[in-house]
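K.L.:
Now for the letters of each chain:
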Amino acid sequence: MPIVLLRIDERLIHGQVVIGWGNHVRPDRYVVVDDELASSEWEQDLYRLGAGGAEVLFVTVAEAREGLTEWRAVPTRSILLTRDVATMRRLAEGGLLEGESVNVGGVHHRADRDELLTYVHMTDAERRDLEAIAAEGAQVAARDLPDAHRVSLSSLLGSRWKSSS
Amino acid sequence: MSDAVRIRGIVVGHGDMARGLVDAVRRIAGEAGAGLTAVSNEGKGPDALRAALDAATGEGPAVVFVDLESGSCGIAASYACRAKEGRAVVCGVNLPMLLDFVFHSDLPLEELVARVVERGRSAIRAAAVRG
Numbered sequence: 001m002p003i004v005l006l007r008i009d010e011r012l013i014h015g016q017v018v019i020g021w022g023n024h025v026r027p028d029r030y031v032v033v034d035d036e037l038a039s040s041e042w043e044q045d046l047y048r049l050g051a052g053g054a055e056v057l058f059v060t061v062a063e064a065r066e067g068l069t070e071w072r073a074v075p076t077r078s079i080l081l082t083r084d085v086a087t088m089r090r091l092a093e094g095g096l097l098e099g100e101s102v103n104v105g106g107v108h109h110r111a112d113r114d115e116l117l118t119y120v121h122m123t124d125a126e127r128r129d130l131e132a133i134a135a136e137g138a139q140v141a142a143r144d145l146p147d148a149h150r151v152s153l154s155s156l157l158g159s160r161w162k163s164s165s
Numbered sequence: 001m002s003d004a005v006r007i008r009g010i011v012v013g014h015g016d017m018a019r020g021l022v023d024a025v026r027r028i029a030g031e032a033g034a035g036l037t038a039v040s041n042e043g044k045g046p047d048a049l050r051a052a053l054d055a056a057t058g059e060g061p062a063v064v065f066v067d068l069e070s071g072s073c074g075i076a077a078s079y080a081c082r083a084k085e086g087r088a089v090v091c092g093v094n095l096p097m098l099l100d101f102v103f104h105s106d107l108p109l110e111e112l113v114a115r116v117v118e119r120g121r122s123a124i125r126a127a128a129v130r131g
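Those protein sequence lines, which keep their order, are chains A and B.
Each residue of the first sequence is one higher than the one before, counting from 1 in the numbering used here.
Each residue of the second sequence is one higher than the one before, counting from 1 in the numbering used here.
So that you can see chain B by itself, here it is in the shape it has in the complex (with noise of 0.2 angstroms):
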């Protein structure tokens, strides 16, 4: 790993989805997972889950990732980025993308972004379907 700054992650969905997966990061990862930072929508109104988001993301760079595009966590994770400098929200969240971005968050952010997403797009295939 360089010693370039590293692009924080956060994962933001619905109920358990967000521990979990970042759970499943570290289990497989190790330390390259603490990179990573679960927030739950769960109980949260609107104003909460932002401020969640705004305290996890804190001032640097940071990708947030997201369960779905549309729905409060989507919503809230465009209010977290909005108008910030080093900020990207990813949708459609995961396991390989996220694997891939605590081993490369010293990327700059639009290359890591681009790189996450195919990585997290290409990952999704139908194995061993018997008809």
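Here chain A stands alone, though its shape is the one from the complex (with noise of 0.2 angstroms):
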């Protein structure tokens, strides 16, 4: 239970993960995984203004990929996010996030990208990375807010959407 949110939001530590998900299952720490964060310390401060307190590392896919044996082991209780779909499906390869929830939150509007929902737009690759976190064991989900509905993978991508196209 020590990662008790996995989470792919463009929007990083904002109002609904820190408010809404954040009275919900009360984290100590913040973990946002990203390559290019991990090395710009003024973004860090601007991020690290939104965490209520709680503790915020940066870090890289290579350094999450070590480190979640830990975040799993200890009693901190961890937010991972990621601001795009990518980045987790880096971090799930190898099945390193086998049995867990991945939480689908805001992915918006883009020129090149189908909205899904109103607050998941993907494009077709963002589709195929997401498959790519399920078939290395995780669960994925489209949920923005701990209280609204639950969208499986398979509602989400619909049933049209075919992985080869």
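Incorrect hints may have been included.
So these bits of chain B aren't anywhere near chain A, every CB distance computed over 12 angstroms [what the hints assert, rightly or not]: (1) Ala4; (2) His14; (3) Asp47; (4) Asp54; (5) Pro61; (6) Leu68; (7) Arg82; (8) Glu85; (9) Ala114; (10) Arg115; (11) Glu118; (12) Arg119.
Computed Cβ-Cβ distance ranges for the label pairs, DEER-style [unchecked claim]: (13) A:His24 / B:Val117: 32 to 40 angstroms; (14) B:Glu59 / A:Thr69: 46 to 54 angstroms; (15) B:Glu85 / A:Gly94: 47 to 55 angstroms; (16) B:Ala127 / A:Ala62: 49 to 57 angstroms; (17) B:Ala51 / A:Ala86: 19 to 27 angstroms; (18) A:Glu70 / B:Pro96: 42 to 50 angstroms; (19) A:Ala135 / B:Ala24: 48 to 56 angstroms; (20) B:Ser122 / A:Asp147: 31 to 39 angstroms; (21) A:Gly99 / B:Glu85: 48 to 56 angstroms; (22) A:Ser154 / B:Asn94: 42 to 50 angstroms; (23) B:Gly58 / A:Leu96: 40 to 48 angstroms.
Calculated directly from the structure, the hints in this document are not laboratory data.
Quantities reported herein were computed from a predicted structural model and do not represent experimental measurements.
The beta carbon of each residue, even a glycine, is placed where N, CA and C say it ideally should be.
Using the hints, put the two chains back together into the complex; each one sits in its own frame.
P.N.:
Dropping the structure here:
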């Protein structure tokens, strides 16, 4: 239970995560997995403002893959965040997230994305990455807030989606 | 009002908050409220929100008013104003500070920011509490 939420959310540490999910899962720590942010101190300072006093770690994917075992073992309750699907897929490679639930939060409108839900927009590559995360043994579902309807991966992608397309 | 350069005000917030505040200012202050622009984070990812703020702030001096310091709006405002002269971010926006802003937006930036922060802060008080 020490990793209390694994979430893909472009906005990372923001109101829905800190207030909505934070009051539900009561984290002690946020772990932001992002190769770029891990080396950008001024951007880290911005995101730390939103953490409400909780500890915030910024780590690369490689560091996160090494840290997962420890974060699961300690009593400290962590929310682990990536701001894109590809980063979560890289984290999941080799079955590292097997048995975990991966929450899809905000992935917003962009010209090359299709709207799947009001808060989830995906390119074909991102849809394939979600399938890859599921193929690694994680349960992938969309839900912006804890009391919102949980949308399974199959429902999210829809019956017309073919990964080979 | 003087002929000095007026500082633009941009209000950015969650959902309809910014639009509601700007609408309230215009209803109370009339034409003076024209110097305010509302930006919502609704449906926007970080890049889109930053682009919307960049477009709203333009090139001149501007104050970006944010509902929450932390989170998507505060972070986008900080990005938009970073490394640009004549920019300020004010967090915890409320109606009294915006009303003060639109009537004093010809003041120098630092003086204006200090003034509106104090106005917004002083407007928060408990009234008629009956336990």
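K.L.:
For each hint given before, does the structure comply? Return the numbers of the non-compliant ones in rising order.
P.N.:
Numbers 2, 3, 6, 7, in rising order.
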